[in-house]
Amino acid sequence: MEVATLACGAIARIVVYHLFPSVPATLDGHVEISTPVTSFKRLQEGLYLYKQGIDPYDGGIFHQSPLLLGAVSAVSKIVPETIAINILYVLADLTAAWALAQTAQRAATTIKYVFKKKDTKEPLPFAPWIIAAIYLFNPLLFLSSAAKSTAVFNNAAICYTLAAATHGHFLTAAASLALATNLSYYPIYLAPLVSLLLHGNSGTPLRTNKAQYGFRFCLLSASYTAAILLLSQAIAGSWNFLGAVYGTILTGRDLTPNIGLWWYFFTEMFDFFQPFFTGVFQIHVFLYAAPITLRFSSFPLFAITLYLGLVALFKAYPDTADVGIFFSLVPFFRPLFPLLRYPIPAFLALLYSSVLLPTFFHMWIYLGSGNANFFYAITLVYALGMTVCISDLTWAMLRLEHDGGEDPNLSQI
Amino acid sequence: MSRLGLEIYAKWRTGWVYGTRSIGWLPLLSLLVSVIGALWLAVLPLDGQYRYTYVSENALLPGQAHTHFRESEWNHVRAYKQEIQAIVNSEAGGHINEQERISHVRGYLADIGLKTSLHEWSVDHFSESYNGTNVYGVMHAPRGDNAEAMVLVAPWINQDGEHNVGGISVLIALARYLKRWSVWSKNIVFVIPSDSGFALRSWVTAYHTSLALTAGAIEGAIVLDYPEASSEHFDFMEVFYEGLNGQLPNLDLINTAVIAASTENLATVIQGVTEDDESFVKKYMPESLKEFFGNQQMDVLNRYANRLKIMLSGMTRQLTTGISNSPGSEAFSGWRIDAITLRARGTTGPFDITTFGRMAESTLRSINNLLEHFHQSFFFYLLLSPTKFVSIGTYLPGAVLVCASFPLTAIYLYATKPNRSTSLVKSFFIIIAVFGACTTIGGVLTVVPTSAVGPVLTSLFVISACLPILSVVAPSPPPHPASAPAEPNVTLAISLLLHGLVTTALATINFSLAMVLGLLTVAFNFIRPGSAHTKSNLLILIITCPWTWLVAVGAVLHTSPFDILQMLLWSLRGNQVWTWQVLFGLWLPQWVLAVIVSRSSTPAPAQSTVGYFRKQ
Numbered sequence: 001m002e003v004a005t006l007a008c009g010a011i012a013r014i015v016v017y018h019l020f021p022s023v024p025a026t027l028d029g030h031v032e033i034s035t036p037v038t039s040f041k042r043l044q045e046g047l048y049l050y051k052q053g054i055d056p057y058d059g060g061i062f063h064q065s066p067l068l069l070g071a072v073s074a075v076s077k078i079v080p081e082t083i084a085i086n087i088l089y090v091l092a093d094l095t096a097a098w099a100l101a102q103t104a105q106r107a108a109t110t111i112k113y114v115f116k117k118k119d120t121k122e123p124l125p126f127a128p129w130i131i132a133a134i135y136l137f138n139p140l141l142f143l144s145s146a147a148k149s150t151a152v153f154n155n156a157a158i159c160y161t162l163a164a165a166t167h168g169h170f171l172t173a174a175a176s177l178a179l180a181t182n183l184s185y186y187p188i189y190l191a192p193l194v195s196l197l198l199h200g201n202s203g204t205p206l207r208t209n210k211a212q213y214g215f216r217f218c219l220l221s222a223s224y225t226a227a228i229l230l231l232s233q234a235i236a237g238s239w240n241f242l243g244a245v246y247g248t249i250l251t252g253r254d255l256t257p258n259i260g261l262w263w264y265f266f267t268e269m270f271d272f273f274q275p276f277f278t279g280v281f282q283i284h285v286f287l288y289a290a291p292i293t294l295r296f297s298s299f300p301l302f303a304i305t306l307y308l309g310l311v312a313l314f315k316a317y318p319d320t321a322d323v324g325i326f327f328s329l330v331p332f333f334r335p336l337f338p339l340l341r342y343p344i345p346a347f348l349a350l351l352y353s354s355v356l357l358p359t360f361f362h363m364w365i366y367l368g369s370g371n372a373n374f375f376y377a378i379t380l381v382y383a384l385g386m387t388v389c390i391s392d393l394t395w396a397m398l399r400l401e402h403d404g405g406e407d408p409n410l411s412q413i
Numbered sequence: 001m002s003r004l005g006l007e008i009y010a011k012w013r014t015g016w017v018y019g020t021r022s023i024g025w026l027p028l029l030s031l032l033v034s035v036i037g038a039l040w041l042a043v044l045p046l047d048g049q050y051r052y053t054y055v056s057e058n059a060l061l062p063g064q065a066h067t068h069f070r071e072s073e074w075n076h077v078r079a080y081k082q083e084i085q086a087i088v089n090s091e092a093g094g095h096i097n098e099q100e101r102i103s104h105v106r107g108y109l110a111d112i113g114l115k116t117s118l119h120e121w122s123v124d125h126f127s128e129s130y131n132g133t134n135v136y137g138v139m140h141a142p143r144g145d146n147a148e149a150m151v152l153v154a155p156w157i158n159q160d161g162e163h164n165v166g167g168i169s170v171l172i173a174l175a176r177y178l179k180r181w182s183v184w185s186k187n188i189v190f191v192i193p194s195d196s197g198f199a200l201r202s203w204v205t206a207y208h209t210s211l212a213l214t215a216g217a218i219e220g221a222i223v224l225d226y227p228e229a230s231s232e233h234f235d236f237m238e239v240f241y242e243g244l245n246g247q248l249p250n251l252d253l254i255n256t257a258v259i260a261a262s263t264e265n266l267a268t269v270i271q272g273v274t275e276d277d278e279s280f281v282k283k284y285m286p287e288s289l290k291e292f293f294g295n296q297q298m299d300v301l302n303r304y305a306n307r308l309k310i311m312l313s314g315m316t317r318q319l320t321t322g323i324s325n326s327p328g329s330e331a332f333s334g335w336r337i338d339a340i341t342l343r344a345r346g347t348t349g350p351f352d353i354t355t356f357g358r359m360a361e362s363t364l365r366s367i368n369n370l371l372e373h374f375h376q377s378f379f380f381y382l383l384l385s386p387t388k389f390v391s392i393g394t395y396l397p398g399a400v401l402v403c404a405s406f407p408l409t410a411i412y413l414y415a416t417k418p419n420r421s422t423s424l425v426k427s428f429f430i431i432i433a434v435f436g437a438c439t440t441i442g443g444v445l446t447v448v449p450t451s452a453v454g455p456v457l458t459s460l461f462v463i464s465a466c467l468p469i470l471s472v473v474a475p476s477p478p479p480h481p482a483s484a485p486a487e488p489n490v491t492l493a494i495s496l497l498l499h500g501l502v503t504t505a506l507a508t509i510n511f512s513l514a515m516v517l518g519l520l521t522v523a524f525n526f527i528r529p530g531s532a533h534t535k536s537n538l539l540i541l542i543i544t545c546p547w548t549w550l551v552a553v554g555a556v557l558h559t560s561p562f563d564i565l566q567m568l569l570w571s572l573r574g575n576q577v578w579t580w581q582v583l584f585g586l587w588l589p590q591w592v593l594a595v596i597v598s599r600s601s602t603p604a605p606a607q608s609t610v611g612y613f614r615k616q
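Chains A and P are the protein sequences, given in the same order.
Under the UniProt record's numbering, the residues of the first sequence are numbered 1 to 413, in order.
Under the UniProt record's numbering, the residues of the second sequence are numbered 1 to 616, in order.
Here chain A stands alone, though its shape is the one from the complex:
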């Protein structure tokens, strides 16, 4: 089943890339799908400059990791470049889906839900192939793949980390987390959670306690990250990429509109306020990692899912890929669904915003009748929907921990 799912996903992507070559370019023009740090057009620009021997990070266009340049260059030595790129994208998606299926297999046996209610039939977790299918055919992620957003690689690295961690592979988890960190920075905050996940899933009983284990894991991840940075430097030929890649992610200085909360604020803001509010916004992305890690230390996979949702909500350049990976991980916690309080309002808010976002963007940019406020208003609705989703999931898990889902006063709307 899993192989068939993966094959279907691969075929669907290859069909899009080869039979509809105009689709990636069209989708790349949609700000919901591609951002300055994931745009395929910018990657091509970077590749071109790189091949010409010009520093791709000089022009202020290219904000993606040198690893991507290196990977494409390496594979295009064997096959033509367009095919090399397509192969990399398909492989990344398949890796991610396969890793999620592996994770699901382990998670089904390791996550313990304690339902006290006797007459509630506890919904079973989804089968691994369904989890893989949800990842491969999730419209949000499929759009990202079709647009060749480089967030695909970031997602693959995160998913691979999860698979490695749930199977207790210490070194692999650290390496793939370091890779994800190098691609998009934010996964760095996941290190404690991944170490908790590893700790809980290591096959043999461990002699070290969680803190020591976590420290060792973080140290190892940091060394891997440093090693990959050195490799990046070797590929790029200079350290310019640090500012262009991580500087852009941290300061959010490219104000191209996206579905996030940053760009509108910072276009409106006086320059001298910018450093302060950049700090405030970045703290928001970072801040929630600590309480989630502490509170859900016994459910690290759940904590990781929550945190990925928060990253999608608060980072400077969120796109459909970030939302998509969150909603691909949520099905892991199917037993929680009956305990959610606001599934319909959240679902409707996200559904309506997903249709109105492109509509309002079209009205603003192409028809000239709407303006930035229209688009931004809908990004707020979307953010509201995401907030409700995340807080509702948190609440459901807390309730399950508290009383096993027994509260007779629950009502779901």
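Bear in mind the hints are in silico, worked out from the structure with no lab data behind them.
Some hints could be false.
Covered stretches of chain A, going by a simulated chain P footprint (3 or more residues, C-beta under 8 Å) [what the hints assert, rightly or not]:
| id | segment |
| --- | --- |
| 1 | 343-357 |
| 2 | 367-380 |
Listed next, the stretches of chain P that the computed footprint assigns to chain A, with coverage defined by at least 3 CB atoms under 8 Å from CB atoms of chain A [claimed, not checked]:
| id | segment |
| --- | --- |
| 3 | 170-184 |
| 4 | 496-509 |
Treat the numbers as computed from the prediction; the structure is a model and nothing was measured.
Quick reminder that beta carbons are idealized off the backbone N, C-alpha and C, glycines included.
Chain P: place on chain A using the hints.
Just chain P now, with coordinates in the frame of chain A:
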């Protein structure tokens, strides 16, 4: 997957639900919001609900510039008019052909000193073809950077098929006159398209894609329409402003023209109605009631009725512009160009043809002042009179309420679905199949020859007409024992949710289309599967059927529904109006889904609603 939505039913079964009784009210709430949404429109023209227009963009300074296109120019207008009339006559008499006519007209513009060019256009579909040649000339601004332009248009044939002799002569005389001024900071393009529909639309498209002689980004466009050849006087000015696909020009442009007219005491009219006309209220109300209300009250009522009429007629025009009427200004839609059509009305009045020219002159002077593209004022509005309007924040809730009735019913249907094993995937499959089939039919019809459209449509009509009857006569298919069937309630819920979603998005782009579509299909909310609802379902299927309304509209317009579909097809080809796609990609599939749902078998449907209140 089925867990992703509601769990209410499961909880109700376990008997510890709080607040689920309100679910039973959802259909009523759905009806209520759609009724409120419809009534919302009637509230808008009430005193206190609308606003008076105001000029938002300070740079425009409407009506401030002295206009000098006066009696001294009248002789030129008269001369050009004579010439144009002569050309019209000799073309009608067969003395000159189209090419000679065009070279004459081009000669006038060239003699003035404009750079001129021709644009040959055609909108083809197999053997059918609309074609012609447009003439245009560019006046380069003496103090501009050649990056921006204004456009003045006088179509050879106007929207009513008349020869626009007055408009063209004013245009040429204005070209001659405006050329002498040194105030222009934007180029002026003078266009004489062969008609006000596809010809102008093709020119605008070509201007942005293929024409060699261009003059920069177009900031604004004015279309002149003065068909009364016999008289050089007129009574009032009519303004047309609707664009294609529900687009409207910036309200500041209309304000500018209205203010320019008011500085000369020239009355402006929109939708052919003024507030002080005798409305249907005054006409048909019995005398006794009139006396009861008294003169003052009657006056208020009369003005309200007229504002309502103007608003509704504006919505109708928004719906039909580019399909059945093309005043000219709509051709600029989609290129971020604000355009209006000015039309001289009447033959006796105190105003002469140079007043009409001064309106164009004054408006051009205002546009010329712009430092930025029109952006300050409203792009979404309903006009109630040339100086009264309601903006999007006030009118949009009407459409949104109507569209919100669909998800409300969807929630109800999903929440009360019978608790038996069903397949959500099958529901999705049915919906995708129906949408795919209808969209494909719609798409195929756009590419087949016109002669083939008729038979295909006739068979579609017949099949569609049979569907509701079938749903009554034919026995419901027995449920397949082997696998879980699609639950009709769920299929309907998903399709309604989808319908609400798309119409809401549509309401922000094309308010009139969404409002009309929402109201015509609002009865989908009351489809219920099962034989117990056969009669009501049949009625609903008839009143929500797109063909019913095509026939009805055809009857009102004294044409056949096929002609209306042909108009939709041609508007898609020539004007890129996507009402056709909405018909075949949204309305028809939703209706077919309603038919499928209404004839699906469902055990004791009454139980699912009535039983809901039964506390276990």
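The hints, checked one at a time:
{"no.": "1", "hint": "343-357", "result": "holds (count 8)"}
{"no.": "2", "hint": "367-380", "result": "holds (count 6)"}
{"no.": "3", "hint": "170-184", "result": "violated (count 0)"}
{"no.": "4", "hint": "496-509", "result": "holds (count 7)"}
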